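Participant: Given only the sequences and the hints, what does the whole structure look like? Please build it.
Each chain is listed here by its residues.
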Amino acid sequence: MSTAIEATDLVKVFGNIHALDGLSFTVKTGEIFGLIGPNGAGKTTALRVISTLLLPTSGTVKTFCLDVVSDAAEVRKIITYLPEEAGAYRNLSGWEYLEFMAKFNTKDKEETREMVREAAEITGLGERLKDKTKTYSKGMKRRLLVARALMNKPKLAILDEPTSGLDVLHAYHVREIIKRYVSEHSVTVLLSSHNMLEVEHLCDRVALLNKGKIVAEGKPQQLKEKFGSANLEEVFAKVVGFA
Amino acid sequence: MLKGFGNFLVKELKELVRDPKILLGMIILPLVMFPILGAIMNYAMQSEKEKAEKAMWLVVNNDGGNWSNLFISFLNYSAKVSVENKITITDDVASDLLKKYNTTQFIEIPSGFSANITEHTGGNSNVTASVNFYGVFSSAGMFESVGGSSLIDAFVYQFNRYWAPDVVDAEKSSIIKGKIQTGVDPSLLSRLMISQAIAMPITIMMLLTYSIQIAATSVAMEKEEKTLETLLTLPMDRLAILMGKLSGSIIVASVSALAYMFGFNYYMSSLTSTIPASTSIDLVSLGLVPSLFGYLLQGVSLFITLLSGLALAVIISAFAEDVKSAQSIVGYTYPFIFIPSFLLMYLDVNALPFALKIFIYAIPYSHPIIASKAVVMGDYLTAIMGILYVTTFTLVFLYLASRLFATEKILTAKLKFKGLRKREKTLTKEL
Numbered sequence: 132m133s134t135a136i137e138a139t140d141l142v143k144v145f146g147n148i149h150a151l152d153g154l155s156f157t158v159k160t161g162e163i164f165g166l167i168g169p170n171g172a173g174k175t176t177a178l179r180v181i182s183t184l185l186l187p188t189s190g191t192v193k194t195f196c197l198d199v200v201s202d203a204a205e206v207r208k209i210i211t212y213l214p215e216e217a218g219a220y221r222n223l224s225g226w227e228y229l230e231f232m233a234k235f236n237t238k239d240k241e242e243t244r245e246m247v248r249e250a251a252e253i254t255g256l257g258e259r260l261k262d263k264t265k266t267y268s269k270g271m272k273r274r275l276l277v278a279r280a281l282m283n284k285p286k287l288a289i290l291d292e293p294t295s296g297l298d299v300l301h302a303y304h305v306r307e308i309i310k311r312y313v314s315e316h317s318v319t320v321l322l323s324s325h326n327m328l329e330v331e332h333l334c335d336r337v338a339l340l341n342k343g344k345i346v347a348e349g350k351p352q353q354l355k356e357k358f359g360s361a362n363l364e365e366v367f368a369k370v371v372g373f374a
Numbered sequence: 016m017l018k019g020f021g022n023f024l025v026k027e028l029k030e031l032v033r034d035p036k037i038l039l040g041m042i043i044l045p046l047v048m049f050p051i052l053g054a055i056m057n058y059a060m061q062s063e064k065e066k067a068e069k070a071m072w073l074v075v076n077n078d079g080g081n082w083s084n085l086f087i088s089f090l091n092y093s094a095k096v097s098v099e100n101k102i103t104i105t106d107d108v109a110s111d112l113l114k115k116y117n118t119t120q121f122i123e124i125p126s127g128f129s130a131n132i133t134e135h136t137g138g139n140s141n142v143t144a145s146v147n148f149y150g151v152f153s154s155a156g157m158f159e160s161v162g163g164s165s166l167i168d169a170f171v172y173q174f175n176r177y178w179a180p181d182v183v184d185a186e187k188s189s190i191i192k193g194k195i196q197t198g199v200d201p202s203l204l205s206r207l208m209i210s211q212a213i214a215m216p217i218t219i220m221m222l223l224t225y226s227i228q229i230a231a232t233s234v235a236m237e238k239e240e241k242t243l244e245t246l247l248t249l250p251m252d253r254l255a256i257l258m259g260k261l262s263g264s265i266i267v268a269s270v271s272a273l274a275y276m277f278g279f280n281y282y283m284s285s286l287t288s289t290i291p292a293s294t295s296i297d298l299v300s301l302g303l304v305p306s307l308f309g310y311l312l313q314g315v316s317l318f319i320t321l322l323s324g325l326a327l328a329v330i331i332s333a334f335a336e337d338v339k340s341a342q343s344i345v346g347y348t349y350p351f352i353f354i355p356s357f358l359l360m361y362l363d364v365n366a367l368p369f370a371l372k373i374f375i376y377a378i379p380y381s382h383p384i385i386a387s388k389a390v391v392m393g394d395y396l397t398a399i400m401g402i403l404y405v406t407t408f409t410l411v412f413l414y415l416a417s418r419l420f421a422t423e424k425i426l427t428a429k430l431k432f433k434g435l436r437k438r439e440k441t442l443t444k445e446l
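Here the protein sequences come in this chain order: A and B.
Counting from 1, position 22 in the first sequence corresponds to residue 153 in the working numbering; the numbering is continuous, with no gaps.
Counting from 1, position 185 in the second sequence corresponds to residue 200 in the working numbering; the numbering is continuous, with no gaps.
Keep in mind the hints are simulated off the structure, nothing from the lab.
Computed from a predicted model, the values in this text were never measured in an experiment.
Even for Gly, the Cβ is constructed at its ideal location relative to N, Cα and C.
Mixed in with the good hints there might be a few duds.
Stated by the list, open to error - Pair by pair, the computed Cβ-Cβ distance ranges are:
#1 B:V270 to A:D140: 47 to 57 Å
#2 A:R248 to B:V25: 17 to 27 Å
#3 A:R248 to B:F357: 51 to 61 Å
Facilitator: Set out below in C-alpha cells:
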C-alpha cells in the first residue's frame with residue numbers, strides 16, 4: 132500500500148502559540164485516517180497545512196509525493212478539503228453550487244453533469260437542490276458540502292469535523308456517505324474529530340493529538356487493547372493523564 | 016488565461032445580482048440623493064443671481080445717442096455701471112475689456128440703437144433695437160452666466176415696459192476659450208454644461224462607492240459564509256479569485272451606475288425643461304465636447320481609478336471578519352471620494368487655494384473628474400499626468416492584493432473593527 136500523506140516534524144507557530152509542535156504521521160492510500168483530540172489540539176491547523184491553506188513554520192508534508200508548499204497547485208488538483216464551518220454560497224441553489232464546484236475539475240460538459248448527478252445522489256436532498264442554499268438547514272448544508280468534497284473522486288479527501296453540529300440522523304447519513312464512497316472509489320480520507328466514539332467506528336487508523344503533538348497512534352482496536360480501555364475516549368484520557 | 020476565472024466570475028455575478036442589499040441600494044439611494052442634489056443646485060443658481068445683481072456691469076456704448084444714454088441710466092438705476100465708448104468688439108478686444116474690468120460679462124449697445132428706437136416710437140413698430148450681451152463661459156463658475164443672462168433679460172423687460180413694448184431685445188453671445196460665439200446664450204449653454212459637469216462627478220462618485228462596497232462585500236462574504244477556505248483549496252489560480260472579484264464588482268457597479276444615470280438624467284430633464292424646445296446648441300461645434308482622444312483619456316482615467324479603488328477595497332475587506340465590518344471599514348475611504356466629487360462639481364481645481372489644490376490632486380479619486388473637465392478644454396497633459404499618478408497607486412494596490420491572495424494572510428489577517436485593533440489569533444477553536 133503506497134503512502135498518501137507523509138508529515139514530518141510539522142511545526143506551525145501563530146505568534147507565541149505552537150499550534151503544531153513536531154507533528155509526524157503517515158496515511159496509507161485508501162484508508163480513513165482520523166486525527167482526534169480536544170478543541171485546540173491542532174487538528175484543524177494540521178488539516179489546513181496539508182490542504183495548502185497554511186504554510187508550515189517548519190517541517191514537511193508530502194501528499195502522494197507532492198510537497199504541499201512547493202507543489203501546492205498540483206496538490207490542489209488531487210485533494211478536496213471540507214472545513215469544519217464551511218458554508219455554501221447563499222444565493223446559489225444547491226444544484227448551482229455543485230455545478231460551480233464541478234467545473235473546476237473538468238471542462239467536459241458531460242463529465243460535469245455526471246459529477247453533479249452523482250453528488251446530488253449523495254446529498255439525498257432531491258428537489259430541495261433547486262432551492263437556494265440559504266434556505267437549507269445545517270444538516271442539509273453539510274450533506275451538500277460532503278457531497279461536494281467527494282463528487283470528483285479525489286485521491287485525498289480532507290474532512291474537518293465532517294459531522295460537526297449535526298443531529299444523530301444527519302450525522303449517521305454523512306458517516307454512511309463517507310464509508311460507502313471510500314470503499315467504492317478507493318478515496319483516501321483524512322478527517323478530524325473531537326467525537327472519539329464516532330471516529331472509532333469510521334476510521335481504519337487514528338492519531339491522538341494533544342497540544343500539537345501526536346500522543347498515540349494506531350488502529351482503534353489496538354489502542355484500546357494497548358491501554359486496556361473500553362473506548363478511545365478512555366484511551367485519550369489515560370494518555371494525557373486525566374485518568 | 017487564469018484557470019477557473021470564467022467559472023468564478025459567473026458565480027460572482029449570480030451572487031451579486033441576487034443579493035437584495037445591492038438591489039436595494041440601486042433603488043433607494045437615488046430616490047434620496049437626487050432631491051438633495053436638486054436643492055443644492057437651486058440654491059447655487061439663486062445665490063449666483065443675487066451676486067449678479069450686486070455686480071458691476073460694463074457697457075460698451077457704440078451708439079452714443081439719447082436712447083442709449085437713457086438705457087445706461089436705466090441700468091445705472093439698479094446696478095453699478097461702467098461705460099466704454101465706441102469700441103469695435105472683436106475676440107481680442109473682448110478679452111482685454113474683461114481683463115481690464117475684472118468681469119465675466121458685458122453689454123454692447125450697437126450703433127443705430129437710438130435711431131431704431133426713435134423710428135419705432137415714431138410709429139414704425141416693425142423696427143426694433145437690440146443690445147448685445149456677452150458672457151464668458153468656463154467650466155468653472157457656470158452659474159455666473161445663468162445669473163448675468165437672466166438679469167439682462169429682466170433689465171430689457173423693464174425697459175420695454177417703461178418705454179414701449181418689444182422695442183428692445185437682448186441678443187446673447189458666449190465667449191468660449193477667448194472666442195465670441197455669436198447667438199449662443201451662455202445661460203442655456205451653462206444649463207446644458209451643468210448637467211454634464213455634475214453628471215460626470217456623480218457617475219464617478221457612484222461608480223467608485225458602489226464598486227468599493229460591492230468588492231468589500233463580496234470578499235467579506237466569502238469569510239462570513241465560510242466559503243473562502245474551500246475556494247482557496249480548489250484547483251484554480253489564486254489570481255483568478257482576485258480578478259473574478261474585481262471584474263464582478265466592476266460589471267455590477269457599471270450596471271448600477273447606469274441605473275443612477277438614468278435617474279439622474281430624468282431629474283435633469285425636468286430641471287432644464289425651462290429651456291425652449293426650439294433652442295439648439297451644438298456643443299460639438301463650440302468645442303465643448305471632448306475629442307475622441309479626450310474621451311479615451313477620460314475612460315482610461317476612470318477605469319484605472321476604479322481598479323485602484325477596488326484593489327484597495329479587496330485588501331481592506333480581507334482584514335474584516337464579516338460583511339458588516341468590511342462595509343464599515345471601507346466607509347473610511349468615502350470622504351476621499353465625496354470631497355473631490357462635490358468640490359469639483361462646482362469649482363475649478365486651479366481656482367482652489369494651494370494647500371487644498373495639493374490635497375485634491377493627491378487623492379487618486381479626484382483624477383477622473385479633473386480629467387473629464389480638462390479634456391473638454393483640450394488640456395490633455397493634466398489628464399495624462401493624472402492617469403500616470405493613479406496608475407502608480409493602482410499597481411501598488413493590485414500587487415498588494417495579489418500577494419494577499421497568494422499567501423495564507425488572506426485567511427489569518429484579521430482586524431477587529433472596534434478600534435481597528437489587531438486581533439490575537441489565539442482562539443483555540445481555530446487551531
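Participant: Run every hint past the structure and note whether it holds.
Facilitator: Hints and how they fare:
{"no.": "1", "hint": "B:V270 to A:D140: 47 to 57 Å", "result": "holds (53 Å)"}
{"no.": "2", "hint": "A:R248 to B:V25: 17 to 27 Å", "result": "holds (20 Å)"}
{"no.": "3", "hint": "A:R248 to B:F357: 51 to 61 Å", "result": "holds (56 Å)"}
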